[in-house]
Amino acid sequence: MGVSLLPAAARRLEGKVAVITGAARGIGESTAKLFFKHGAKVVLADILDDVGHSLSRHLCSSSSSFVHCDVTKEKDIENAVNTAIAKYGKLDIMLNNAGISGTLKFNFLENESSDFQNVLNVNLLGTFLGTKHAARAMIPARQGSIIMTASVCSVIGGIGPYGYTSSKHGVLGLMKNATVDLGRYGIRVNCVSPHVVPSQMTRDLFKLEDGDEFPNVYSHFKCGDILRAEDIAEAALYLASDASRFVSGHNLIVDGGFTSANQGLCSYQ
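FYI, the numbering for the sequence shown is 1 to 269, going by full-length UniProt numbering.
To be clear, the hints were calculated from the coordinates, so they are not data collected in a lab.
Virtual Cβ for every residue (Gly too), placed ideally from N, Cα, C.
Hints are not guaranteed to be accurate.
[Said to hold, decoys possible] In silico DSS-like pairs for lysine-lysine, Cα to Cα no more than 25 Å straight-line: (1) Lys-90 / Lys-37; (2) Lys-87 / Lys-132; (3) Lys-132 / Lys-176; (4) Lys-73 / Lys-90; (5) Lys-132 / Lys-90; (6) Lys-90 / Lys-75; (7) Lys-132 / Lys-75; (8) Lys-176 / Lys-73; (9) Lys-73 / Lys-132; (10) Lys-87 / Lys-73; (11) Lys-75 / Lys-87.
[Unchecked claim] Now the in silico label distances, taken between C-beta atoms and shown as ranges: (12) Ser-114 / Gly-186: 17 to 27 Å; (13) Tyr-238 / Glu-78: 27 to 37 Å; (14) Ser-113 / Ala-10: 25 to 35 Å; (15) Gly-2 / Asp-49: 14 to 24 Å; (16) Ser-114 / Lys-73: 30 to 40 Å; (17) Asp-181 / Ile-85: 35 to 45 Å; (18) Asp-242 / Arg-184: 12 to 22 Å.
Using the sequences and the accompanying hints, generate a full structural model.
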């Protein structure tokens, strides 16, 4: 087993069951490992079958499972949730994390409608479907935590592709609506919104080769390091755990203060 459990007293998700979409790499992978360390049973849902199966084996075959899941297909999402219920008896945590960036074109007229629609299908429709089927499992239990991976692009413009920024604004609106609706059943719904994290998706977006230094773009937080997937996993752990039992409808921005400044007017350069 490649990832060890924490001592029982330190486990914040002991006995809980989670489904994570986009779990095979990046933020999803880091979160899956952290949830497992804290005692959760985890269903890994992704389109990257080989990587996903490898991660499941790296965790523990009795406490993790991999399912192929294209989040734009409702049957795939339904199957991921049903797998959690069939194997582990319930669903406590849903992390809607699967996402794509689309093509970076800041000239509006160069953007293709097909690319725009594809990004919305994965990022927004996929999150809607994940939330819908998580709610189906959680409503009878009258409890649960649904987390959506949004982005700093959910609250500002001008730093991401059109489709990506639009989809993340949509995710934030979806979270707010679901918070009001599902709160009646004791289900909490929140977003975690990262700034740029070194991942394969962002490397592809910025056309970085393996070994290229990842830029700490426009951060006002100088701590000698860059934002990492593990930082977002820790934020998701908080939202998934009972430590946030009265937190719902919140967009937890993890950006080192990036969105606190108007970049064009900032005096602290």
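Margin query: Taking the earlier hints as the rules, which of them does this structure contradict?
Written below: 12, 14, 16 and 17
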